[in-house]
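Fit chain B to the known structure of chain A by using the hints.
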Amino acid sequence: MTRTVLTPAGRGTFAHGVHPPERKNLAADAAIEVLPTPTQVKIPLLQHVGATCESKVKSKQELAIGELLADSEAFISAPIHASINGVAGMQSVATLPNGRHVPAVPVAAGENQPSAEDLFKDVFGGDWPTSGLEQYAPEQIVQAARDGGLVGQGGAAFPTYVKLKHNPEKPIDTILLNGCECEPYLTADYRMMVETPSPIITGALLAARACSAKRVLIAVEDNKPLAVDTLRRAARGTDVQVVVLKTKYPQGGEKQTILATLGRTVPAGGLPLDVGVVVINVGTAAALARAVLRGKPLTHRVVCVTGAGIERPGNLLVPIGASYRDLIDYCGGLKPDAARVIAGGPMMGFTLGDLDTPVTKGTSGVTVLTERDVQRPGETNCVRCGRCVDACPMNLVPTRLALASRGKDWDLAKKYHITSCVECGCCAYVCPASLPLVQLIRMGKAQMPKE
Amino acid sequence: MAEEAKNNEPSAPVLHVAPGPHLQDVNLTTRRMMLDVLIGLAPVIVAATIFFRQYAWLQFGVCVGTCCLSEAICSAIRRKPIPLPDLSAVVTGLILALSLPWNSPIYVSVIGSAVAIVLGKVIFGGLGQNIFNPAMVGRAFVMLSFAAAIGAPAYVLHTGENPANPIMDVVSGATPMTALKESGGVTPLLALLLGNTYGSLGETSALACLLGGMYLCIRRTASWEIPAGVILAAVVISSAIEGYLAATQGGGLLNFIGNGGHWGVLSEVLGGALLFGAFFIATDPVTSPLTPKGKFIFGLGVGIFIMFIRKLSVYPEGVMFAVLLMNSVTPLINRWTVPKPLGTK
Chain A
1 MTRTVLTPAG RGTFAHGVHP PERKNLAADA AIEVLPTPTQ VKIPLLQHVG
51 ATCESKVKSK QELAIGELLA DSEAFISAPI HASINGVAGM QSVATLPNGR
101 HVPAVPVAAG ENQPSAEDLF KDVFGGDWPT SGLEQYAPEQ IVQAARDGGL
151 VGQGGAAFPT YVKLKHNPEK PIDTILLNGC ECEPYLTADY RMMVETPSPI
201 ITGALLAARA CSAKRVLIAV EDNKPLAVDT LRRAARGTDV QVVVLKTKYP
251 QGGEKQTILA TLGRTVPAGG LPLDVGVVVI NVGTAAALAR AVLRGKPLTH
301 RVVCVTGAGI ERPGNLLVPI GASYRDLIDY CGGLKPDAAR VIAGGPMMGF
351 TLGDLDTPVT KGTSGVTVLT ERDVQRPGET NCVRCGRCVD ACPMNLVPTR
401 LALASRGKDW DLAKKYHITS CVECGCCAYV CPASLPLVQL IRMGKAQMPK
451 E
Chain B
1001 MAEEAKNNEP SAPVLHVAPG PHLQDVNLTT RRMMLDVLIG LAPVIVAATI
1051 FFRQYAWLQF GVCVGTCCLS EAICSAIRRK PIPLPDLSAV VTGLILALSL
1101 PWNSPIYVSV IGSAVAIVLG KVIFGGLGQN IFNPAMVGRA FVMLSFAAAI
1151 GAPAYVLHTG ENPANPIMDV VSGATPMTAL KESGGVTPLL ALLLGNTYGS
1201 LGETSALACL LGGMYLCIRR TASWEIPAGV ILAAVVISSA IEGYLAATQG
1251 GGLLNFIGNG GHWGVLSEVL GGALLFGAFF IATDPVTSPL TPKGKFIFGL
1301 GVGIFIMFIR KLSVYPEGVM FAVLLMNSVT PLINRWTVPK PLGTK
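Residue numbers (my numbering), protein chains in the order written: chain A, 1 to 451; chain B, 1001 to 1345.
No lab work stands behind these hints, which were simulated from the structure alone.
Cβ coordinates follow ideal geometry from the N, Cα and C atoms, glycine included.
Certain hints may be false.
[As the list claims (entries may be wrong)] Short, incomplete list of chain A residues facing chain B, as computed with Cβ under 7 Å:
id	residue
1	Asn167
2	Met347
3	Met348
4	Leu369
5	Val374
6	Cys385
7	Gly386
8	Val389
9	Gly425
10	Val430
11	Pro432
12	Gln439
One chain only, chain A, in its complex shape (with noise of 0.2 Å):
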């Protein structure tokens, strides 16, 4: 195991919190294979947090790999490129798996595609240079992100220019580059810590350069030492640390992580910046330093297909606007127990109930459950056990929420602060009575009439 240096403050972990079974070994040491072309690619106009993008192209027109198809005038929102060399179709719908139907342009492959080869190399391959960064200036690097319409890769799916665009009231000292990936099951960010470390080192020293912030910290949870090494050694020579982290749910939640590395606490409805911390994901900084030093858009993401419900689980290269059905094929497709298909891992994924959905720039991983992983006590009256008020990482009260919401009882829900809950879902994971307490809560967000 690997000695945790740990920067000022941080303990390395946060209060509360809960463990859940990891099952990483499914698909932690499968590398990275590239996802052949799919026959047609449909892609979403909303991949983001913020504004819809509208089409800059027609019907039937040409397009290559990386070209631009849609755009918008929003300060948040990111471009959106075409994935495949191919044709343009008419535009649609697409439903997303959080239920959101947004306007979608498909994408027919043409006969011309990359090798898969070629694809992994234009994407991770060639050098990624730690030094001499300087000659790319902040504007340069925060233009180029929103020209390749990189957003979170983490899940969030934030426009990252919006992040690293300088703020003179709040300044940055410390980027802080995700890579817990604490939800169980999904390999994704792992996988590329291990066998494409540079890139990730470049961009983490390019966003650094975006926001000048002073320093550079790799947060890894202390399940993936490999990780852990590969980072430490392609970042010898630079100042970047690697910082290692307990293994904990929700580690990889933006707050915790700001706390546990560097014991800063984000203020309640506030943001990373607010404490002089940019938050960025491992594989949204592989991004960076791609569309910063080659000019390429964000087209291609590693996408974990994993769980007990699938034949041969794996880690995929996928172009942007593929098919889950298409990832899920590839490897071997669905058991015959499979019960539910996750977009994401499975304590803060949606379910699929299509499986023609398009992968997002966001999609970190497709978890296949069985009948057996998702059986479920009954349900039974609360009990008052507390058990979630000691899993809360928000140092909530889930059971007053969640039986506040169910009675629509905002003026109650909003004394238990309703609107600090970050729906990592460990109060549900705990709850003895099987009460669907973040569900709830969830509900009652969106229910609750805004002020």
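For chain B alone, coordinates are given in the frame of chain A:
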């Protein structure tokens, strides 16, 4: 419709759609928590069996049976599924039985159990909805209604030959608490610890209560904050009293702790139902606060009321009333101890 789909695609699995999280800790269920309480009660049951023999098991049988039956009848009337598999009625019955004297008349135990379930739990809406600890509601009801049969005098009704246990001279003598209150009699510490003394079935052996209680706290089925609060309050208050006595009347460290001739701090903690109440009654999750801070305040309150009742009232022991009193302020404690979310000042 579903069958048709199955015929068309025989190999395609049926996919569930559900909101996350999709994993749950299946080792932790309400039933498992109740089972933990039963396991935690095992040492107490063993002690009761050693000291009270078949009379203990008669009470267990009567109370548990009546509780389960009442629960079943009430559920049938309410047209709800019968919740016996959650074991909560068994726990209520056992706790009630353990808080009764061995010679409690059967009709009293039956009434106490029925009241515990019906008035203590079901009328509030069943498991999780009650305000007061059901077993203590049942016990308070019979204690006030049948004072002669199971109140303090009941423990001293039979003197002389012990019908239950030939090892001990008398099983039915004044409890340590009654003896202290009425005649200043002091029970030796060792007897309080092991349990070869008089009292309710479950309370005589402090050692058994400690063993079972530790198990519950380690399993986190009982929150340690509650017994810690109870014991701390009792120790502080009785230390103050002993300190005052030592200052005014003299007496060494042994007096302070409590030994042969003097009822000291340790006697106060080991004697009576304090430990049984602290570990098994006050820790009922339903009727105690939600947050660790609230639980500690609750425990302190129980301890303070126990000492008040012991020292200032006509009752020799006050665990039952202390728990019921604090149960009534639990909602208030919950309101005072809403934790501050991460990131707020």
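Comparing the hints with the structure gives:
1. Asn167: violated, 19 Å
2. Met347: holds, 5 Å
3. Met348: holds, 6 Å
4. Leu369: For A:Leu369, the interface hint holds, since the closest Cβ of chain B sits about 6 Å away, which is under 7 Å.
5. Val374: With a closest approach of 6 Å, the A:Val374 hint holds.
6. Cys385: holds, 4 Å
7. Gly386: holds, 5 Å
8. Val389: holds, 5 Å
9. Gly425: The hint holds - A:Gly425 has a Cβ within 7 Å of chain B, the shortest such distance being about 3 Å.
10. Val430: holds, 5 Å
11. Pro432: The hint holds - A:Pro432 has a Cβ within 7 Å of chain B, the shortest such distance being about 5 Å.
12. Gln439: holds, 5 Å
Checked against the numbered hints listed earlier, the structure breaks hint 1 alone; every other hint is satisfied.
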